[in-house]
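Asker: Please model the entire structure based on the sequences and the hints provided.
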Amino acid sequence: NAGVTQTPKFQVLKTGQSMTLQCAQDMNHNSMYWYRQDPGMGLRLIYYSASEGTTDKGEVPNGYNVSRLNKREFSLRLESAAPSQTSVYFCASSEGSSGNQPQHFGDGTRLSIL
Amino acid sequence: EDQVTQSPEALRLQEGESSSLNCSYTVSGLRGLFWYRQDPGKGPEFLFTLYSAGEEKEKERLKATLTKKESFLHITAPKPEDSATYLCAVQLYSSASKIIFGSGTRLSIRP
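Read top to bottom, the protein sequences are chains A and B. If you count the first sequence from 1, position 88 lands on 88 in the numbering used here, and the numbers rise without skipping. If you count the second sequence from 1, position 24 lands on 1024 in the numbering used here, and the numbers rise without skipping.
The set of hints was computed from the structure by calculation and includes no laboratory data. These numbers were taken from a predicted model, which means no experiment stands behind them. The reader is advised that the hints may include incorrect statements.
Said to hold, decoys possible - Examples of chain B residues lying across from chain A (beta carbon under 8 Å, computed):
1) Val1027
2) Arg1031
3) Gly1032
4) Phe1034
5) Lys1042
6) Pro1044
7) Thr1049
8) Gln1091
9) Phe1101
10) Ser1103
Each residue gets a CB set at the ideal place from its N, CA and C atoms; glycine is no exception.
Answerer: As structure tokens, this is what we get:
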């Protein structure tokens, strides 16, 4: 039972490069989320998808785009990476579409932008 | 402004020494409050959900409580394996995407 799987686990980019972080869940959950976690700060929501085909901005969406490819997969794209985007990125999923169900997290992607 | 504050930032206890972690919130409308445990290099792991003031949930050595302004995570007779960062998060009524996490309490239990 894999739960939420994120790839890659680690990545180093140069400023201006682009990349896509992948996330897949096998729990048949409706909602999926992307967060970033920085030292001394709480998890901050980047984007949210309540169901297949829908996405909404969270607290810190600038510089990111997302795609809800199907019910299982939710990807996060950095079009032109900046040093301020150095962070640990977590994907999560939850059963309902209303946001009041507990979230299940992957183990993160550690991203460094030089 | 909606805010979630956790205290203390870090706590070191001796094995068996009980204590409490605090999560205070100032939000426009609380739909639910969640507690998570996060181990180094891992994603947060769900512990509890609390929906209304007066509610309590228990799991092994952990008990979570909720009032109108704060939540406590009580740890009774902790063991070294309870060492982790504990996060609280609040879900607001205003939007399904409005989820605010606290910055966490790093708990260390010495044998």
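Asker: Which of the stated hints cannot be reconciled with the structure, identified by number in ascending sequence?
Answerer: 1
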